[in-house]
Amino acid sequence: MPSWQNFQPFIVTGLALGGVYALSGVGLVVLYQATGVVYLALGAVGAMGALISYSLIAAGVAPWLTWLVCLLFSGAVTLAYGMIFGPLLAKREPLVKATATLGLLLVLFGVMDLLWTTSSGKVRSLTFPTDGHGFSLGNVNITWTQVIGLAVGIAITIGTAAFLRFTKLGTAMRAMANDREITATLGVPVRRVEAAAWLGCGILAGIAGLLLADMVALDATTLTFLVISSLAAALIARLRSIVLTFVAAIVVGLVQNMLVPIPALTSYSNMAPFVLAAVALLLISRRRVITLSREEA
Amino acid sequence: MLDVTDSPDSPAGTASALRSPLLRRPAQPTLIRAVVIVVLLVFVLFGLPQLLSLYYVDAMTQVAVYAMVALGLGVLVGRVGLMSLGQVAVLAVGAWSAARLLFGTGQPYPLVLLEAGLVTMILGTVLLLPALRLRGLYLALITLMLAGAVTVVLATLNFPNGGGGFSGYDGNQTHIPPIRRPSIATSDPAYFRYSVLVAVVMFALVAIHIRTRPGRAWAAIRQSEPSALAAGINTTAYKLWAVALASFVTGVAGGTYAGAVHYLYPYDFPAYTSITILAVVLMGGAYNLWGAVVAGLLMQLLPALLQNWGVSNDWLTILFGIGVVQVLTTAPRGLADQFPKDMAKLGHLLMGLVRRPVPAAVPETTGGETP
Numbered sequence: 001m002p003s004w005q006n007f008q009p010f011i012v013t014g015l016a017l018g019g020v021y022a023l024s025g026v027g028l029v030v031l032y033q034a035t036g037v038v039y040l041a042l043g044a045v046g047a048m049g050a051l052i053s054y055s056l057i058a059a060g061v062a063p064w065l066t067w068l069v070c071l072l073f074s075g076a077v078t079l080a081y082g083m084i085f086g087p088l089l090a091k092r093e094p095l096v097k098a099t100a101t102l103g104l105l106l107v108l109f110g111v112m113d114l115l116w117t118t119s120s121g122k123v124r125s126l127t128f129p130t131d132g133h134g135f136s137l138g139n140v141n142i143t144w145t146q147v148i149g150l151a152v153g154i155a156i157t158i159g160t161a162a163f164l165r166f167t168k169l170g171t172a173m174r175a176m177a178n179d180r181e182i183t184a185t186l187g188v189p190v191r192r193v194e195a196a197a198w199l200g201c202g203i204l205a206g207i208a209g210l211l212l213a214d215m216v217a218l219d220a221t222t223l224t225f226l227v228i229s230s231l232a233a234a235l236i237a238r239l240r241s242i243v244l245t246f247v248a249a250i251v252v253g254l255v256q257n258m259l260v261p262i263p264a265l266t267s268y269s270n271m272a273p274f275v276l277a278a279v280a281l282l283l284i285s286r287r288r289v290i291t292l293s294r295e296e297a
Numbered sequence: 001m002l003d004v005t006d007s008p009d010s011p012a013g014t015a016s017a018l019r020s021p022l023l024r025r026p027a028q029p030t031l032i033r034a035v036v037i038v039v040l041l042v043f044v045l046f047g048l049p050q051l052l053s054l055y056y057v058d059a060m061t062q063v064a065v066y067a068m069v070a071l072g073l074g075v076l077v078g079r080v081g082l083m084s085l086g087q088v089a090v091l092a093v094g095a096w097s098a099a100r101l102l103f104g105t106g107q108p109y110p111l112v113l114l115e116a117g118l119v120t121m122i123l124g125t126v127l128l129l130p131a132l133r134l135r136g137l138y139l140a141l142i143t144l145m146l147a148g149a150v151t152v153v154l155a156t157l158n159f160p161n162g163g164g165g166f167s168g169y170d171g172n173q174t175h176i177p178p179i180r181r182p183s184i185a186t187s188d189p190a191y192f193r194y195s196v197l198v199a200v201v202m203f204a205l206v207a208i209h210i211r212t213r214p215g216r217a218w219a220a221i222r223q224s225e226p227s228a229l230a231a232g233i234n235t236t237a238y239k240l241w242a243v244a245l246a247s248f249v250t251g252v253a254g255g256t257y258a259g260a261v262h263y264l265y266p267y268d269f270p271a272y273t274s275i276t277i278l279a280v281v282l283m284g285g286a287y288n289l290w291g292a293v294v295a296g297l298l299m300q301l302l303p304a305l306l307q308n309w310g311v312s313n314d315w316l317t318i319l320f321g322i323g324v325v326q327v328l329t330t331a332p333r334g335l336a337d338q339f340p341k342d343m344a345k346l347g348h349l350l351m352g353l354v355r356r357p358v359p360a361a362v363p364e365t366t367g368g369e370t371p
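Protein chains in written order, with our numbering: chain Y, 1 to 297; chain G, 1 to 371.
Isolated chain G, as found in the complex (with noise of 0.2 Å):
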């Protein structure tokens, strides 16, 4: 089901998949796909928490949190080729907008999730609106410029922590009380299954859009802008449309962290984890859909590993630098497509070598080389 590898490069899948969706690859058995990834998340979200202590039931919600994170740059990147280097000031925007609404309503959580989504969405549209023209580099350089303008705007306005007025900051509170969870959510293992399911819905949400008409459009705009113009595509509103899913899935991701971690602080979300989150959506890979839950572990889970044992994190960075330059010299479609094709070879060359004792004795008996 997630796995929706259609091939950034090859002009035959986009154009098969332009004509009609019955030209398409056959669909790889469906059902065993489909059985595997149910035993999974029923694996994780009853197994999981019970096999896990709470340190790492908390850095399991953090990947999934960073997994929506992915998702939403997942679409920019692999979609529609626009690299955001601002994903973190989206993800603030939603966590801001959930807090706020987290204090000053009683509302249900999952509205209140649904609302910072799409109040996210709604800034993020208004915000690239007039930049969709730019393309590659510029469009990247202004996400990184427009992410740095609500960073400091966030900065100035602090995150709600229970005041009053539009900024629900009070600096003279003595007492912050927590961000409330759902009600059939408040121990940490109880939200971590929730955080799961908000990401399920949230991948199945990008699964079908990529499986349908906007989804052909994104890869008929990848391939190539002007002939996706002459197709017919509304390629602008197309390309917005990447742009409102994605920020809306990232804004949904925002209130769900904004839960997990009940306390919100403008120095959570510092610039270079935008960085960090480009590196390893690439690193995980941009184009499948898997790759976001790639990016969420490498994201959360190794720095909690890291920490457990004793290492900095900074050794963390340094190997993202060093996947990110990997992946865009040798490898650009991620681990998530790398990593079974390396585990083939693998396979292969462990086979090769099982097996050669056979072959290379022929010769010896038979030709007699050595005397």
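Extracted from the complex, chain Y is given alone in its bound form (with noise of 0.2 Å):
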């Protein structure tokens, strides 16, 4: 069993990704209460963005600029998406929604493998300039882009619970979760109410790319991957509770990198959200009763 030193990078790099996790995770909560649609393309949205970020840096465009690229492009094709599927599919159960949502997966997916090819073994890598400083806690270096990481999570959290809690906007998205039809009756402009949660979640896509590229790799398959971590803590908090995704988020994270440092467990950490998730979803049914009714969460 490895010493308390052992565990305390790994507590930091846990935290910095939990805190990543939450805000796609988030993202994820929010889509789903005002659409019902599990946008399971978050990943790879969010992928691209930070390939292009990567690709524009490299042509020599200022760095802030590119970041507000990934964020416009990956607002921008959840946005159209939403817009145009959205429609279609809003009669249909949940889970035809969210397996709709792996098409636009499977396009970017192709799109980024043809323009960004991993094939030739190339190693991409995107680097905030918050990398190479820090400051020390004990004997642990962190890193700035780590404390954003984190920050980013809570602020985001945070912020969304207000948005819902205190805007007109968010009202209605709330009430959207509670009765499309009824919301609609009263006169609230749900395609409009939708499309502001589309876009909402395209530009968390877009955040959590980005910092994901720089903490973990700029890596196609990596980036779209990673969605299942923040739909893990999403799912732990039964796509409900925003504040319960944030905490069950920074979890996954803790679970995930803690393991590393146990040599037996090192190479199954990266099972910890599909185990968590998996555990989750048993409880959540634990105590379900069969109904007539179609939708389901």
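Just to be clear, a hint being listed does not mean it is correct.
[Unchecked claim] Below, computed lysine-lysine pairings styled on DSSO-like, alpha-carbon distance capped at 30 Å:
no., chain 1, residue 1, chain 2, residue 2
1, Y, Lys91, G, Lys345
2, Y, Lys168, Y, Lys91
3, Y, Lys91, G, Lys341
Since the hints were derived computationally from the structure, they do not count as laboratory data.
Got two chains here, each in a separate frame; can you build the complex from them with the hints?
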């Protein structure tokens, strides 16, 4: 068993990653609540945004501008998908809505592999100026990027919670989560509220894509499937509570990283999100009653 | 024989299916269909290996393997409405078990395939048993999570390469022996025939299931779980049965795959392939057994063709992505169902174009609108 010393750096990376999982997890929950779509292409959109950012930096564009382009791209793609296919699939069950986003995932994945092929063995990386700077806490070095990861996660969670609680648009989103039809009857512009949710989720995907590209790897496959970790967090929170999503994301990040220094479990550390989510799903189903409704969740 | 198209959404179909097999839609000219299938099969078994180069024979072996995978997923999607997002993990488990048995024992190949199927079946049912209370989206997502976990375990365990112990993996091995093929099918064309026969057996197994009691129970469950329950169907048992059958078929496919490629590595089974498989199954049509054949062709023959023509496979991934969205929004029953209809429409259109000049000439001569 490794000593406490060995765990410390992994707690830091775990918290930072957990923060990023939280911010995309919050995006997933908000979008699911407002539109009933589990957006499985979130990781792919963010990955492509990060790759675009990488190429622009390589072409000599100022980094902050490329980050903006990344957010714009992921926001625009997500919004476009939501506006075109949201209404077409609005009346279908959640499973179909989620499966359709896998189509977007495949398209983006194909485009990424076409434009930024990995078969040549080229390793890309995206770095922030904050990577090299940081401070020491005890004997652990913490970079500002890691601080940003956790801070953005906290900020987005609090911000979104406040947004849903206090703004008119947020109230409309909560109303839609309850009952879409009644909300529409009350005169809420349902399509516009949905558009806002899609756009917001897309931008969060872009932020997560940038941060994960720096913290984990700038690789289409890795980033595309990191959505599973955020999804795990969102599922533990039953796709409902934003605060619970944040807590779950931190737990997922921590467990995943704290298994690394334990030699017997190192290679199984990536199982953590899957196992945690599977257990959470099973607990959800513990007291399920069979109903006639086709809706689930 | 294979064309079992009971409608996914017509309540009449299910009700009659439940009451008695006699009340079902009268059989199509079964004899003609059987003859067509036999002729097709004879051509595939004896004609194709003669006509195709070894490159395409190998590709067609993969088509047979993936048609089985698609068949298994088709049972889950089309029969009990379970969209599994982790079929590649199931395939990998089947391939792993078969490889381990082939290295560890001298058993005949068909027995190994059977055992690989059974191991996969047991693992699949045990893992999904607690999840069967879930439905729809949550059930699909839990398959994604379980598959992810299984993939991590397999990547750590590694695929057998002739070593000892439980895992059969020896990292220090310098000369890795190939996974053996059945003695009657060591050459590529022979192994292709062998795989097709295995696939035919699996298709027959599923077709029998769909035609008999479990198939009718699945149809009822897909329509409405509460009413199936009210009709006295043990929904949990039949859902589990479907999972078991699908895992078995996919496990056998894994065993066939192991012999086809000779060497197995964890990166042969990437997670996104599960999504591609789901996409091609939805595109091919999950309610129709031919859909599985279409799915196998889409998944393995098209990439081989494109590679031969020097076109990147990524275009195919993009195409599948568009295809899955298109299928979900407009043609929920897939290509196997849509294509004949489209062809019929096209036929009507062409016939109309051919016929049009005759009626169009009539008003011109009698009306005389144009001076």
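List in ascending order the numbers of the hints, as given earlier, that are violated by the structure.
When the structure is compared with the hints, none of them turns out to be violated.
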